[in-house]
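Engineer: Construct all of the structure, not just a fragment, from the sequences and the given hints.
Going by the working numbering, the first residue of the sequence shown is number 2, and it counts up by one from there.
Treat the hints loosely; a few may be bogus.
Claimed, not checked - With a Cα cut of at most 25 Å, we get these calculated SDA-like pairs of lysine to any residue:
{"hint": "1", "residue 1": "K298", "residue 2": "L248"}
{"hint": "2", "residue 1": "K303", "residue 2": "R201"}
{"hint": "3", "residue 1": "K3", "residue 2": "R201"}
If you are wondering where the hints come from, they were derived from the structure by calculation, not from laboratory data.
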Amino acid sequence: MKTSWTIRRDLAARVADELLSRPDVIEVWLEGAVAEGFAHARSDVDLRVLVAGGPLAWGSRLVDGIRIDLDATDPGDLAPSRALLGTFEVHFDDVDTFRRVRGQLGLLTRLRTARRRNGGQWLPVLEPSECAVYRLWAVADRSEQVLSLAEDLLGLVADGMTAEADLVWHDMRLALAGLDCAVADQPLLSTKWLPALCARINAPDALAPGRLRSSEPDQPWFDATRARQTTALLRCWPLSGGADPELFPPEAREVGWLPQRYTDGWFLRRGDDRIPLTDAQMWTWSLAAIGPDRTAKANQGKG
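Structural biologist: Spelled out as structure tokens, the structure:
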């Protein structure tokens, strides 16, 4: 029995093969959730058509009752965006590239999911090295989102705004699940596909139902958030476990500090304040923040 996804996969192949028979069509790419193996009964199919001589306004069409979105593109127009996947480059004092990447993350995700039609098969468009850089950008993006939401939650909890805090906690749970998926080399698909992505990476508890639990001074919601963020980043940027312990600033033990990793190293952030850390300091901070066992597992690429 065919599923919603297999129906769309087969339809995409048929339409792509028809388009490739045209002399002005260079390649046809399948993008988005369908390219990743996900679809529901009302899903559209996203096809990017690389056209010689510039894009045409092809728009959308209905085929067998399913909407096919055709994005006709000049190959040269994708080059600047794809170049962002050449290297992960963001520094403490220069985040312009990061802003540019975050502004184009939707397009970069489409490139990450893209499969070109070739010889009756769908083959990945990006090289493995480009996928690896996309992973780092995706993790950095979700880390920034977690940092922003944590700041909101700290303020709401401090003022006793429970209803508002519960709403932000819902967003935080989604952001943390997205972070877990990004670390596991999954694309940043729309929110509705998070359960499917979590199942794919064997992390069904990433979206377990829960309400915000807030108490002073421990802030258990913050402890859980800090543990997941730290674990995720260590899985991407493992430290040398043999590093000699190095003390970090004592204020970094306080509630509110969360880690981030840029090209030029580690730092802790709370609001607009930052504390740069050496690898050895980050190791010591991680031991204190999430414990030796979790630090060791994360450093080995485990959750």
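Engineer: Each hint needs a verdict: does it hold in this structure or not?
Structural biologist: Consistency of the hints with the structure:
no.: 1; hint: K298 <-> L248; result: holds, 22 Å
no.: 2; hint: K303 <-> R201; result: holds, 16 Å
no.: 3; hint: K3 <-> R201; result: holds, 20 Å
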